[in-house]
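Novice: Each chain, written out:
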Amino acid sequence: MLRLLATIRKEWLLLLRDRTGLTLLFAMPVILITVMAMIEDAPFRDYQELRFDILTVDNDHGRLGKYIREGLEYSEQFRVIDSMKGQPIMEQQARNLVNEGEYKICIIIPSGATGAIVSNANKIVNDILKRMSMPGVLPVSSRKDSLNVTIYFDPASKKAFKSAIHQALDNFLTQVETDLLLERIKQQLKRKDVPEGDSMVIQLKAVGLKEQLTGPSQEIDVISNSVQHNVPAWSIFAMFFIVIPIAGNMIREREDGSLLRMKLIPGSYLAVLTGKMLFFVAVCVVQFYLMMQVGIYLLPLLGLPKLVLGQSLLAAFIVAVGIGLASTSYGILVGTVFKTPNQALNFGAISIVILSAIGGIWIPLEIMPSHMQFIGHLSPLSWGLDAINDIYLRNVGVGHIWGHVGKLVLFAVTLLCIAAVIEKRRLS
Amino acid sequence: MTSILVQDLHKTYKGALEPSLKGLSFSFPKGSIVGLLGPNGAGKTTTISILCGLIKADAGQVQIFDLPQNAVNREAIKGLIGIVPQQIALFPHLTAVENLEYFGNLYGLKGKPLRSRIDEYLQVFGLEKNAHKQVHHFSGGMKRRTNIIAAILHQPQLLVLDEPTAGVDVQSRSMILQFLRDYNRQGVSIVYTSHLLDEAQTICQEVTIIDEGTAVVQGETNELIARHPECRNLEDVFLQYTGHALRD
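Chains as they are written, first to last, in my numbering: chain L, 1 to 428; chain S, 429 to 676.
Extracted from the complex, chain S is given alone in its bound form:
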């Protein structure tokens, strides 16, 4: 069974000269941590937006846990996915608890079950002492950790993280990566996008590199590196497929 199946996906934004996606295809196995990698403008954000049902593809097929992404399944699929956006998608002038209560309520969670789940995650992410501080007083790492909690309150089966460790210190990064491994062990599929390829190499069992709207390579991380003897690590593999030209 796959967590995500993408087949021949096409998307051109209105008014854009170039298509964002040009027949993108890939699949991720259920229960794995996979990296969706690519340079700026490769089509990662567009792909994630289509996976979540935020925008519609012009053509192609998307399945999340074998459910086709369409108008009928859109709401059900939203419930299966947790998204950690690159931005700190929290209300800065609410406390961590108030933020999490609000997003929990939007998921239909309330009362003691919600409160105990929030307490549990705040403890896991080392935020229990700052639970009642307003988020704008938090450090970058604390904000990132709260951002992740907001995405997993409803216990999704698929967690999509966009640059989850951008701008955080080493301790917070280590804690977040360890949490993702532990979380994956509970059976949750994880899609990880980042420009930090050493981090992706450490955590991702499988990667798909996309560029200019198509998948250029997909495979198990270690196997991909081994397939290219001239490459010492994932970054070398990435550069080999996407080139050294600067992207806007």
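Next comes chain L alone, as it looks inside the complex:
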């Protein structure tokens, strides 16, 4: 125990005196998380909170244009712009503005669109009445060709964005057509001796949609946003960067002979190594909680959402320790394999960037191709991130995270065994 405590004290003193190292360990991740959360805030908001200006050219001036305008405004995702400098926007002008990228979307409602919808509704009602052996009396246009609401997108728009807009506008069109049809049916039925006071309520949506939480608790409704993804993700990335100081520490000790001195002292070197590991795992855990404070207190001050931690603080602590163990062991292996701090620095840094990229730190694994998702799930960073997401977003407790933590611990033990074999071979 004395060896272990002495080693922890020694590492503590060394870290305190290495101001650059301290800055790299704690200040850089804070900056990294803040920057990444701010940069990725816009893409995360794209389809959730951002409002887009949508140019609308209404050549119809009828009910359809009104419905679409009201529907777009009501959805709170769009701001309808139908005039500029007091003048209605013309079709060619709107196309040019979208093509130049000043606006993302433009919709052109064709002349006679409402008339076409009304005519179609009338035709359906007349058909129904005819089948009921009643005369159809509603006027129907003789026009045969169908009309289209035209959409122009900024050529740089993403496919997912386009399809979301398509779907929204399609819904509005369906809604208008349905409303007009129902209205016509109600009008025709009212003509047929309906008693006074009967409001003829026709409810089309007998079955609706209702979103429910999947987790065990009903108290938290966390939306995955930039902060909720980036703070845990980049915290794990920063924790893995502990590889650099550990590997450097190991190589320096080997180079300056202090490792040799430690091995010449009776007693197990394992106690010294355990002390070193415990210290760096503690540093990782402190880093983790510091980053969480950034998500809770600092990022909201910058206009970003507040990080929601889930309900099981113990589970988050266990995962943080697991990530710390995995990253520390990786550092020990890198420090054992490589002979110079430069080699370890280059390999360590690049390998962490690769592991983080495939492990879903930069972008969520869910949007990667399936083969990359498979590879990504082999990254220890993805195990840590999955565990944290389970705790923060799915609101699970200690009982649900053992799979991820087990993989992290197994990874750590495997790397330590490999390091031990390499060190033994080096001595012989």
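No lab work stands behind these hints, which were simulated from the structure alone.
Computed from a prediction, not measured in an experiment: that's the story for all the values here.
A hint or two may mislead.
[As the list claims (entries may be wrong)] Computed Cβ-Cβ distance ranges for the label pairs, DEER-style:
(1) S:L445 / L:K339: 16 to 26 Å
(2) L:N346 / S:L445: 26 to 36 Å
(3) S:G469 / L:I422: 37 to 47 Å
(4) S:H564 / L:S268: 23 to 33 Å
(5) S:G615 / L:A420: 20 to 30 Å
(6) S:T430 / L:T414: 22 to 32 Å
(7) L:L16 / S:S455: 45 to 55 Å
(8) L:I350 / S:S460: 53 to 63 Å
(9) L:V285 / S:D610: 44 to 54 Å
Don't be surprised by glycine CBs; every beta carbon is placed ideally from N, CA and C.
The hints should help you fit chain S onto chain L, whose structure is shown.
Specialist: For chain S alone, coordinates are given in the frame of chain L:
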């Protein structure tokens, strides 16, 4: 009784073309200062590593104070030996006291006994005024002296020094050599390796010269020089046995 007994020691590192040790044998009497000398690549470091139990010999026998060096005795033997490596095996950003406290703790020493022992040695080596300075601020001589203290904190019976005066000024060298003589008078056996043969001649009562993994000569220092009338000093004897060819 011998402090070190080495018999027919063989060692070939994995992947090496040539063996490092080829039947090395020598013995050092207990309580003496002996020199283990040899050119670069002679096998000195390998021999010391085997003596300390850091690496295993392929064949042969090693005894430290009559204890065979094996898995059973390895830890006990480590406690009997103090090693002063050629490198400054200290943490540069810790103070002298913090370094010594750490290594003392690893030896199982703690509290007042450790602190008083550290204070005593810092005084003996003239470092008491710099006890709380970080080692990277020390001169080469101060680092060497601290390096020696770290090896004797646990009061070993056998002290092995590898180039203990490399790169130090005359004053520090004189102080270190005087300390070794005094320390030896307390009954501690000392093994000294160096390329500074005038220094070895001054301090070592007995020397063993090894070359290409075998002992080429062993004997009392003065007797060895006297045995070769054409040699004026230990350096001449050394060159006579190891030749003038440059070593890599």
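Novice: If a hint holds in the structure, say so; if it doesn't, say that too.
Specialist: Evaluated hints:
Separated by about 21 Å at the C-beta atoms, L445 of chain S and K339 of chain L satisfy the suggested range of 16 to 26 Å. Between N346 of chain L and L445 of chain S the beta carbon distance is about 31 Å. The supplied range of 26 to 36 Å therefore holds. The beta-carbon spacing between G469 of chain S and I422 of chain L, approximately 25 Å, falls outside the hinted interval of 37 to 47 Å. Distance hint for H564 of chain S and S268 of chain L: a CB-CB separation of about 29 Å, consistent with the stated range 23 to 33 Å.
Taking 20 to 30 Å as the suggested C-beta distance range, the pair G615 of chain S and A420 of chain L does not conform, at roughly 38 Å. Hint check: T430 of chain S to T414 of chain L, Cβ distance near 45 Å, so the stated range 22 to 32 Å is violated. A hinted range of 45 to 55 Å holds for the C-beta pair L16 of chain L and S455 of chain S, which are about 48 Å apart. The hinted range of 53 to 63 Å is satisfied by I350 of chain L and S460 of chain S, whose Cβ atoms lie roughly 55 Å apart.
Roughly 50 Å separates the CB atoms of V285 of chain L and D610 of chain S, a value that falls within the hinted 44 to 54 Å.
Hint compliance for this structure: hints 3, 5, 6 are broken, all remaining hints hold.
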